[in-house]
Every structure is written in structure tokens, then in C-alpha cells.
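Undergrad: Got chain G sorted already, so can you dock chain X onto it with the hints?
Spelled out from the first residue to the last, the chains are:
2 protein chains.
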Amino acid sequence: MGTPRDYSSILMPSYSIRPLNFNQYLHLGKSHKLFQGEFINSICNNEEDPYLYYILSGKINICFLRTDGSSLVIATREAGNVFQSEYRGFASIAGDRLRFIAVENSVIISFTKKQLFDLMEQDRQIMDDFLYVVHMFYATLCHRLMNTACLSSSQRFLTWLDKLCRINTPDRNGHHIIECDLTQQQIADLLFIHLTTCNRLITGLEKEKIIKKTKTHIYVYNSKKINEYLLDESKIVY
Amino acid sequence: MGTPRDYSSILMPSYSIRPLNFNQYLHLGKSHKLFQGEFINSICNNEEDPYLYYILSGKINICFLRTDGSSLVIATREAGNVFQSEYRGFASIAGDRLRFIAVENSVIISFTKKQLFDLMEQDRQIMDDFLYVVHMFYATLCHRLMNTACLSSSQRFLTWLDKLCRINTPDRNGHHIIECDLTQQQIADLLFIHLTTCNRLITGLEKEKIIKKTKTHIYVYNSKKINEYLLDESKIVY
Chain G
1 MGTPRDYSSI LMPSYSIRPL NFNQYLHLGK SHKLFQGEFI NSICNNEEDP
51 YLYYILSGKI NICFLRTDGS SLVIATREAG NVFQSEYRGF ASIAGDRLRF
101 IAVENSVIIS FTKKQLFDLM EQDRQIMDDF LYVVHMFYAT LCHRLMNTAC
151 LSSSQRFLTW LDKLCRINTP DRNGHHIIEC DLTQQQIADL LFIHLTTCNR
201 LITGLEKEKI IKKTKTHIYV YNSKKINEYL LDESKIVY
Chain X
1 MGTPRDYSSI LMPSYSIRPL NFNQYLHLGK SHKLFQGEFI NSICNNEEDP
51 YLYYILSGKI NICFLRTDGS SLVIATREAG NVFQSEYRGF ASIAGDRLRF
101 IAVENSVIIS FTKKQLFDLM EQDRQIMDDF LYVVHMFYAT LCHRLMNTAC
151 LSSSQRFLTW LDKLCRINTP DRNGHHIIEC DLTQQQIADL LFIHLTTCNR
201 LITGLEKEKI IKKTKTHIYV YNSKKINEYL LDESKIVY
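These protein sequence lines are chains G and X, in that order.
Be aware that the first sequence starts at 1, since it is given in full-length UniProt numbering, and climbs by one per residue.
Be aware that the second sequence starts at 1, since it is given in full-length UniProt numbering, and climbs by one per residue.
Isolated chain G (complex conformation) (with noise of 0.2 Å):
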């Protein structure tokens, strides 16, 4: 996930789809350096509490822990990129608690809620890259809970192969090649669906030549079919 590819690929984008000027005052934040599988559970209850979280290096995943011990990684964020932590606990709610793991050796640097809301004070180009911020967050929840609510797995997989169609342009024969190289788990923990289905929905899709998913690509011969199978589910067998 570290291309600008990503949109057009697996629509998670972890990077930023411009640069952010918060790079131009990271001497004022204060860093802090993640080892790999290291975490931190970030809470922003005052002023001076660390708020917002510039990634100079490496890549952050934003977890839920659930009370049964299970997680969930909603979100990923890269090198260029921000995240924000969790604000008076709002998130947290039960047993769910909202974790940030270091997918790599990262180095990050914090920003307190009082420096971001002076940064938006004197530059109102921060204010603008706040907003952007939330909004492609907002985004990013949005489209997971579009592709999983309501929808049965393969649905969730049609849904999920239909939009990739929609926002890449086929090339002269109506196939669509699109850059993908994520794993059949990667895949299965995106859509929130098992491994097993997903092998199985891959395959069947695979034999009826409609598509065929490769190390680095997902080849659509037959997008139309696509969406009629979205339109009548019960046409799938596997």
C-alpha cells in the first residue's frame, strides 16, 4: 500500500494525495521512534496532550482491539501522511480500544492539541490540510462500512471489483487492468470476509474466466458480468 496507485487499486489510499505543509514546522513537534510491531495507545484529553502525529518515516496501522482480543486494522498511514489520536476516548467504547502499531521501524512526530490549533491560527494552509485530513479519514470509514454493511461476502467482492472498474479505464478491449498486489488474505481482511470465501470467490470467478488475479494484478475480462451478478446474486454458485 505505498504508491499513489493505491486509490486506483485497492481504494485505501494510506498516503497523502498531496504533500501536507505540516512538514514545513516538525521542528517544533517532538519525535518519537516506533520499532516494528511496537504500539502506542494515544488519548488527547487536554491541551497539552499529543493530538496529531506527523509519519516522517515507515507506516502506521490504526487498529480496534476488541474485548475478545481480535482486531481490526481500519486504516493505514504512511511516511508523508498523518494521523490523529484518539480524542477524550470517544472512540474506545466497552471493551474496543483504538491502537496505533508500527507495521515498520517508523519515526513519528507529535504535535499537543494547543500546537495544531496555533499552527491553524497563524497558517491557514494547516487549517486546510486539517480538514483534508479528516475528510479522507472520514473517506477511508465510509468506504469500509459501504462495502461490508448489509452485504453478504460475495457481494462484498463483486462490490469491491465493480468500483475498481468504475474508477480505471479499460484498455481497447474492454478489459481492465488494474495494479494490485495484495495477497489473498490482504484482500479478505480489506473486505472484512474470510480467507476461505475469498479464495472460493476468486476461483469460481477465475473458471468462468471473468477474472484472473496475479502477484501484481487483477485482470476484469468481463465487467458486465460483474454487475449482473451484483444484481442477482443467486447467479454465483461457489
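Please keep in mind that the hints were generated in silico from the structure rather than gathered at the bench.
Hints should not be assumed to be uniformly reliable.
Pairs count within a copy or across copies, as identical chains cannot be separated in the list.
[As the list claims (entries may be wrong)] Derived lysine to any residue pairs resembling SDA-like cross-links, with alpha carbons at most 20 Å apart:
id: 1; residue 1: K207; residue 2: E38
id: 2; residue 1: K163; residue 2: R88
id: 3; residue 1: K225; residue 2: Q125
id: 4; residue 1: K114; residue 2: V133
id: 5; residue 1: K114; residue 2: Q125
TA: The following block gives chain X in isolation, referenced to the frame of chain G:
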């Protein structure tokens, strides 16, 4: 969904838990009347586009329309609370569209992005309110995602009941008496499950005397059993 009990009874507050300082600046905004069922598609692309809406009276549902015409209510916002327009089309992907629908006759006051930035510059309480609003919306989206992703219908229902028990103190008999006037359809919508599944789950748990649902309350007589079922779903036969 109209009182401060919402949080403890459904986990989806539609009101603002604290009064917002935006109400001091309503004379600067632009007033709009929406009849019940009327909707707006608001996308903020420029400084002068409406961005923030304060609800003076009525109730607004924030909905996603899917390509297939089905729609999902993501959140509800009521008088005294605010909602943000879509920002630069981030939320609308492929066929998905964000829509703001009046559930009752409503009067809303819009502020442009420039106006919001001006207010935030002048009045730090507005910055603080904005952060509050953003994180309340994150929380709503995250809770719904956490209550849906990778969970079967019965797990969703039990997870929800478990959370309600955890934030409501039991009485001296260990019973949780939770104010909840949602219909079974509304519970189904909240958990993104089918109505028939919802009915079956409630009836099943009632037969075992674990819960009782009335028009105004959910009585949980045995929260321990709910925990057990959550850990071992195979024990649920309905």
C-alpha cells in the same frame, strides 16, 4: 433518538452531548428550510461553498446511496448539533453518493468553508467544537464498523447487548434495565442485519429468559450468558 439517554441506550448519539458555540454565530450563516423527506447533496469544493450545517430545528439523516439504489443511514443529527458537507467528493466513490435527508421538517443554517475558517481564527472555542464534532462522527463510524465487520448477525446482536450492559449499571438483582424505544426494524438497521434475523434473535433470547424487549426498554436478566454466547457462538441454536 432524541435525548441524552441515546448513548447509553443505543450507542449512537444524534444530539450533541455538550452545547456547541456555533449557536453564537447563527446570524452569520444562511438559513435553509427542508420539508420532511427533502434532501440536499452538499459537496464543498471551494472556499465559498457551504461546508458546515447547524441544525436549528428538526432532524437530519446522513445517508449513503449505493449504485443499486439501496441506501444506508450512517448517522442521525438533531437540533443543536452540526453536520459537515461532503468534502471534494472524497466520500462518493464510483456509484456511492452521500445525501442529507430531513427526517422531520428542519431548519438548518449553513456556513461556508471560509466562514468556518474565519470563526476558528477568531474564536478558539469554535476550533474546540469542530474537533469535538469530527471525533464524535469518527466514533459513530468506528462503532458501526466494529459492530459489523467480520461478525455474524448473532455476534452483532450480542456484541451490542454486551456493550449496552457494560455502560449501564445493573440494579441490585444484577439486571440491566436499559431505556430503548427502538423497534426491531430500527435495531436491525443499526446493526446492519435482516429484520427476520433480528426477530429470531430477540425471540430466542427471550425464551431463554436472558433478555426481554418491550416498547420502551431492554431488560437484560443474564449478562453473563450473553458473554458466554459471544465466546462460543455454537451454543446459540436460533
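Undergrad: If a hint holds in the structure, say so; if it does not, say that too.
TA: Hints and how they fare:
1. With identical chains, the CA atoms of K207 and E38 are never at most 20 Å apart, being 42 Å at best within one copy and 46 Å at best between copies.
2. Taking the closest pair of Cα atoms, K163 and R88 come within 20 Å of each other only across two copies (18 Å); inside a single copy the shortest separation is 35 Å, beyond that limit.
3. Proximity of K225 and Q125 under a CA criterion of 20 Å is satisfied in neither setting, with 45 Å inside one chain copy and 53 Å between copies.
4. Taking CA atoms no more than 20 Å apart as the test, K114 paired with V133 passes in both settings, with 18 Å inside one copy and 17 Å between copies.
5. Proximity of K114 to Q125 under the C-alpha cut-off of 20 Å is found in both arrangements, the shortest distances being 17 Å within a copy and 12 Å between copies.
The structure fails to meet hints 1, 3 from the earlier list, while all remaining hints are met.
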